[in-house]
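Spelled out from the first residue to the last, the chains are:
Number of protein chains: 2
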Amino acid sequence: MQDDGVPFDDRGLAYGDGVFETILVRDGRPTLWEAHLARLRRGCERLGIPCPEQAMLAALPPRAGPGLAVLKLIVTRGSGGRGYLPPAEPEPRYRWRMTPFAPQEIRWREGVTLRLCDLRLARQPALAGIKHLNRLENVLARREWDDPAIAEGVLLDMAGHVVEATSMNLFWCREGRWETPVLDACGVAGTLRETLCERLPITSVAAGADALTQAESLWVGNSVQGLWPVRRLLDARGGELRAWPVAPRAARVLQDAGHDLLRYPRLTG
Amino acid sequence: MQDDGVPFDDRGLAYGDGVFETILVRDGRPTLWEAHLARLRRGCERLGIPCPEQAMLAALPPRAGPGLAVLKLIVTRGSGGRGYLPPAEPEPRYRWRMTPFAPQEIRWREGVTLRLCDLRLARQPALAGIKHLNRLENVLARREWDDPAIAEGVLLDMAGHVVEATSMNLFWCREGRWETPVLDACGVAGTLRETLCERLPITSVAAGADALTQAESLWVGNSVQGLWPVRRLLDARGGELRAWPVAPRAARVLQDAGHDLLRYPRLTG
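Chains as they are written, first to last, in the working numbering: chain A, 1 to 269; chain B, 1001 to 1269.
These are computed hints drawn from the structure, not numbers from a lab.
We treat Cβ as the ideally placed atom computed from N, Cα and C, and that holds for glycine.
Take the hints with a grain of salt, since some may be wrong.
DMTMM-like, lysine to aspartate or glutamate: derived pairs with alpha carbons at most 25 Å apart [to be verified]:
| # | chain 1 | residue 1 | chain 2 | residue 2 |
| --- | --- | --- | --- | --- |
| 1 | B | Lys1072 | A | Asp118 |
| 2 | A | Lys131 | A | Glu53 |
| 3 | B | Lys1131 | A | Asp118 |
Sample of chain A residues with no beta-carbon within 12 Å of chain B, all distances over it, derived [as the list claims (entries may be wrong)]:
| # | residue |
| --- | --- |
| 4 | Arg41 |
| 5 | Ser204 |
| 6 | Arg242 |
| 7 | Arg263 |
Let's have the full structure, built from the sequences with the hints guiding it.
Right under this line is the structure:
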């Protein structure tokens, strides 16, 4: 049984000493599997956690039935060590849970409202890009609002650069060019982002929030929810910074490029 | 039984969404208890975790026997929520473990060697000072060396300010004045540090590593290990930046001031 917890002395609990993945499973098959596995591998490597893939893969759930589910996979450095010092030969702990999933279809079609968060992300290159278990900044940012009409919050870093949404990556089209924030100081490099960047000429840029308000089209996306066009961008007080029409035809290039990855319906009209 | 683990969906495991304390227990009585409880309360308040002290206190272990032990106490936000969004009414989870403890007496008397770490702490005021569960920076810093002759690593932040050791606070005497790093952007405000600052005229300063090499006396300390005088400070490559004689009489003011708190032996000679 892998869907159980961890002991008191697990370093994932004690220090957030581990990584995780959240994977969309369609009709029993994980989507973007190679990209998720590659990021898990990179995260383990960065933290110095051995990532014996065979052991991890053997620990995975049996094929699920038809329909959509989300597989959450946690790898911790396991137990032991003296305080922060990890054991010389850690025995990583693998845990997973599969839960049924119903995507919010209306958001693909009608778009969403974002707000800028007050919290600024700290810049820590040693942890940037990987999906580690130290996620208090995301939790604090997500606690800033509870209006269900606001789908996501946009995070800037301490230098004023736009980085990501609390659980999604950002993409925009400005003067005809697709851009996404560079993630070398903070943020999580999403697997959908990575795959879209391989398929389209999307440039990673260091840009302030004005890049968002200047954009002809703004999107948020991750590998579970897919891509949502943004209709409105609010400041942290709720004031409107910019509104966009329902994603214009030209902007659908992004959703089209990702269509076969998650196989969510595209915008119509 | 509180000395058990947490379930898969505990937010402490998932996001490091919680706080902890590590408390020296002498002859069944926790030391610096009020200071630990106050920091736990501040941490919970900062993160928006309800901290019903009666429930937590009721969950604590029965009095231990004679001798020294360490009580580790973890409070997480509990289970639930949608992704990073916490549940509207979280039910915190309390866990503790008591383990026997043998302090490293030789370090009080003969002093220790420190090294500067390569890793720089990110500056995040929203999380500074509290003892939250997002401790990957400390883990990465502590992984930088495994020479047992080096007792601790000194952490600077991204701005070049000295902050703390990986699991201890720093104190030094410079031109006759006692100083400790200000902890408004990162670092953990230790309970021993807090109590010493109430008793002695110790100034919190923003200072670079040169403050350490200029110091007449340098110490590291926490509420479990007590205070260690520093004999040598090395750079990250192992080169000596400064050496000090066995703590001169004048510097023992610090150890004297903290003596009754943990009741460890003082320097002699």
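List, from low to high, the hint numbers that the structure doesn't satisfy.
As far as the earlier hints go, only 1 is violated by this structure.
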